[in-house]
Amino acid sequence: MNIEVRNIEKRYGSFTALGDVSHVFESGKLSALLGPSGSGKTTLLRIIAGLENADQGQVLFGCEDASHRHARYRGVGFVFQHYALFRHMTVFENIAFGLRVKARSQRPSRSEIRKKVERLLKLVQLDWLGGRMPSELPGGQRQRVALARALAVEPRLLLLDEPFGALDANVRSELRQWLRRLHDEIHVTSIFVTHDVEEALEVSDQVVVMNAGKIEQSGSPDEVYDHPASPFVYRFLGHANIFQVAGGSSLYVRPHDFDVFGEHFPGAIAAQVLGCRSVGAIGRIDLQPNNGGDPLQVETDKNSMRSMQVVEGKTLYIRPRASKQYTAAAEI
Amino acid sequence: MIRSHPELRRSVQDPAWVRGGAIALVLLFLGLVLFMPLIAVFREALRKGADAYWAALRNPETLDAVRLTLLAALLAVIFNAVFGLMASWAIAKFRFPGRHILISLIDLPFAVSPVVSGLVYVLLFGAQGVLGPWLQAHGFRIIFAVPGIVLATVFVTFPFIARELIPLMEAQGTDEEESAVVLGANGWQTFWRVTLPNIKWGLLYGIILCNARAMGEFGAVSVVSGHIRGQTTTVPLQVEMLYNEYNFVAAFAVASMLAILALITLVLKSVVEWCAKRKGMVAG
Ligand SMILES: Nc1ncnc2c1ncn2[C@@H]1O[C@H](COP(=O)(O)OP(=O)(O)OP(=O)(O)O)[C@@H](O)[C@H]1O
Ligand SMILES: [Mg+2]
Chain A
0 MNIEVRNIEK RYGSFTALGD VSHVFESGKL SALLGPSGSG KTTLLRIIAG
50 LENADQGQVL FGCEDASHRH ARYRGVGFVF QHYALFRHMT VFENIAFGLR
100 VKARSQRPSR SEIRKKVERL LKLVQLDWLG GRMPSELPGG QRQRVALARA
150 LAVEPRLLLL DEPFGALDAN VRSELRQWLR RLHDEIHVTS IFVTHDVEEA
200 LEVSDQVVVM NAGKIEQSGS PDEVYDHPAS PFVYRFLGHA NIFQVAGGSS
250 LYVRPHDFDV FGEHFPGAIA AQVLGCRSVG AIGRIDLQPN NGGDPLQVET
300 DKNSMRSMQV VEGKTLYIRP RASKQYTAAA EI
Chain B
0 MIRSHPELRR SVQDPAWVRG GAIALVLLFL GLVLFMPLIA VFREALRKGA
50 DAYWAALRNP ETLDAVRLTL LAALLAVIFN AVFGLMASWA IAKFRFPGRH
100 ILISLIDLPF AVSPVVSGLV YVLLFGAQGV LGPWLQAHGF RIIFAVPGIV
150 LATVFVTFPF IARELIPLME AQGTDEEESA VVLGANGWQT FWRVTLPNIK
200 WGLLYGIILC NARAMGEFGA VSVVSGHIRG QTTTVPLQVE MLYNEYNFVA
250 AFAVASMLAI LALITLVLKS VVEWCAKRKG MVAG
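Chains A and B, in that order, are what the protein sequence lines are.
Sequential numbering of the first sequence, starting at 0, is according to numbering that gives the first Met the number 0.
Sequential numbering of the second sequence, starting at 0, is according to numbering that gives the first Met the number 0.
Hints are not guaranteed to be accurate.
[What the hints assert, rightly or not] In silico DSSO-like cross-links for lysine-lysine, where the CA-CA straight-line distance does not exceed 27 Å:
#1 A:K28 x A:K213
#2 A:K213 x A:K323
#3 B:K276 x A:K101
#4 B:K199 x B:K92
#5 A:K101 x B:K92
#6 B:K47 x B:K199
Read the hints as simulated data drawn from the structure, not as lab findings.
Given the sequences, and given the hints that come with them, work out the whole structure.
Structural data, given as C-alpha cells:
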C-alpha cells in the first residue's frame with residue numbers, strides 16, 4: 000500500500016514548518032527522511048501518523064484519504080527517538096499493550112497474545128527479557144522492544160523517528176543493519192527519520208532529502224548521492240569543494256573525487272599543503288590553491304599520502320576526477 | 000562527583016567543628032520549636048491519667064467533631080484529586096492561552112490567608128452575602144453549616160495535589176500517551192493504563208499532604224463554622240473551644256489526636272517518597 004502526502008502545509012504561528020510537501024512513499028519499501036535539524040522531518044512523520052494535524056493537504060493510505068482519521072484508527076506503528084516505553088510495565092506487557100486494548104470482539108485470547116508476544120520477542124532477538132522492566136535495559140534493547148511493540152498490532156505502516164538517535168556509535172550501526180535485515184524479512188512499508196547521511200544511504204531503499212520544510216530531492220541512495228539535484232543536497236550529503244567558473248556558475252567536487260600528484264601533471268592545479276592527517280585508512284589533506292581560491296579538502300588513501308611524503312608547506316598537484324556544475328541561481 | 004574524589008572532598012568541605020556546630024544548632028532548634036511542644040501536648044493530655052484522657056476522647060461532642068473532620072477531609076481529598084488531576088493534565092500536556100494564569104490560580108490558596116478565604120465565602124454565601132438571600136429562599140444553608148466547612152477545606156487544600164502532579168507530568172511528557180493512542184488505545188484506556196500508573200506515587204503523596212492539611216485546617220473553617228457544638232465544629236475548633244473553657248486536659252487530649260495524625264502523615268510521606276524514588280517516578 001502506497002502512502003502519499005499531498006500538498007501538506009503546517010505552520011506554527013508565522014513559522015512554516017512544512018510548505019507544500021508532496022511525496023509518494025512506495026509500498027513495501029524502507030524510505031529515509033533525511034534533513035538537517037528543524038527541516039520538518041518529525042512534523043511530517045507525526046502528520047502521517049495522525050499525531051499532528053496538517054493545516055492543509057491530504058494523507059492517503061492507498062486510495063483512502065486518511066487525513067481526518069484519528070491516530071488511533073490509522074493502523075500505524077510509531078517508534079520514538081526516546082523509546083517511549085511504558086515505564087511501569089514489563090517488556091512483555093509493553094509489547095502486548097496494543098493487543099490488550101483492542102475492542103473485545105477483535106481482541107485475541109490470552110494464550111494467543113502470549114504466543115504472539117513471544118514470537119515478536121524472538122523476532123527482535125530478546126526472547127529471554129520478557130519479564131524485565133524497560134529501565135533495566137540498555138538503549139539498544141529498549142529500542143528493539145519499542146519496535147516489537149509497534150509491530151504487535153500488525154501496522155500497515157511503520158514510522159520511526161530517529162530510532163537510533165540516542166544510541167552510541169557502535170550500537171547504532173549494528174542496529175541499523177539489523178533493521179535493514181528485519182525489513183527484508185517482514186516488508187512492511189516503513190519511513191524512518193534521520194539526520195545521519197550515512198545511516199540514510201546505508202539502510203534505505205529510498206531517500207527523501209528535506210530542507211526548511213520542503214522536499215529537495217528523492218530517489219534511491221545512489222541516485223541521490225551521485226546526482227544531487229541542488230547545491231544544498233550536494234553539501235548536505237558530504238563535504239563540497241567549490242570552484243567558481245566562467246559564466247557565474249560553480250563546480251562542486253567531493254574530496255575523494257580528486258587525483259593527487261606529487262609532481263606537475265598536465266591539467267592539474269598546484270596547491271600548497273596546509274595540513275594533513277589520516278583517519279583510519281583515509282588520508283585527508285587540506286590545501287590552498289596557488290591561484291588564490293578557497294582552501295580545499297582532498298582525500299586519498301593513506302598509503303599514497305605516505306608515499307608522496309605529504310608534509311605541511313609542500314606543493315601538490317590535483318585534478319578533479321568528477322564534478323557537478325550548478326548555476327548561480329540554483330545556489331541561492 | 001565529589002564523593003569519588005577523597006582529596007577533593009577534603010579540600011572543599013568545611014572543618015569538622017563547623018559541620019558539627021551547624022548540625023547541633025539545627026537539632027537544638029528543632030528540639031525547641033518542634034519536639035518540646037509535641038511532648039508537652041502529650042504530657043498535658045495525660046496529666047490527669049489515662050482514664051481522663053480516654054474520657055475526653057470519647058466525649059460525644061468530640062466524636063462529632065472527629066466525624067465532621069473526617070467527612071470534610073474525605074470530600075476535600077476526592078474533590079482535589081479529581082480536579083487536581085484534570086488541572087495538571089491540562090497544564091502539563093497542553094499549551095493553551097491562559098495556561099500561566101491557571102497555574103497562578105492554583106497557587107492562590109497558598110498566597111492568601113485562610114481567614115481571608117473563609118471571609119470570602121461568608122461574603123458570597125452568608126446571609127448578607129451576594130448569593131445569601133437566594134440560597135436562603137431555596138432552603139440551602141452553606142455558612143455556619145457543613146457545606147461551608149467542606150468548601151473552605153477544599154479551597155485551602157486545593158494546591159497540594161495539583162502542585163505535586165504538574166512537574167511530574169511535565170517531566171514525563173506525552174510520548175507514552177501518544178504511543179498508547181497510536182497502538183489503538185482510547186482516551187480512557189490511555190488514562191487508566193498509562194497516565195495514572197505513571198503518576199500514582201505523586202498522586203498518593205499529594206493526597207497525604209492534602210489530607211493532613213484538610214484535617215488540621217483552622218483559620219478558614221473557623222470563619223465559616225459558627226462554632227455550633229456537635230454540628231459545625233471540627234477537631235481543631237473543638238480543641239480551641241475546650242481550651243477557652245479552661246478544660247486543658249480535654250483540649251490537649253483532642254490535640255494529641257492531631258499530633259498523632261501528623262506523625263502518621265510523616266511516616267506515610269516518607270514511605271511514599273521512598274517507594275517513588277525506588278521506582279524513579281517522582282520529579283526532582
Ligand atoms: N509544537 C511546535 N510549536 C512551535 N514550533 C514547532 C513545534 N513543533 C515543531 N516546531 C518547529 O518546526 C520546525 C520543524 O520541526 P521538526 O521537529 O519537524 O524538525 P526535525 O526535522 O524533526 O528536526 P530534528 O532533527 O531537530 O528533530 C522546527 O523549527 C521546530 O522549532
Ligand atoms: Mg525530529
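Taking the hints in turn, this is what the structure says about them:
no., hint, result
1, A:K28 x A:K213, "21 Å, holds"
2, A:K213 x A:K323, "22 Å, holds"
3, B:K276 x A:K101, "33 Å, violated"
4, B:K199 x B:K92, "17 Å, holds"
5, A:K101 x B:K92, "25 Å, holds"
6, B:K47 x B:K199, "45 Å, violated"
Checked against the numbered hints above, the structure violates hints 3 and 6; every other hint is satisfied.
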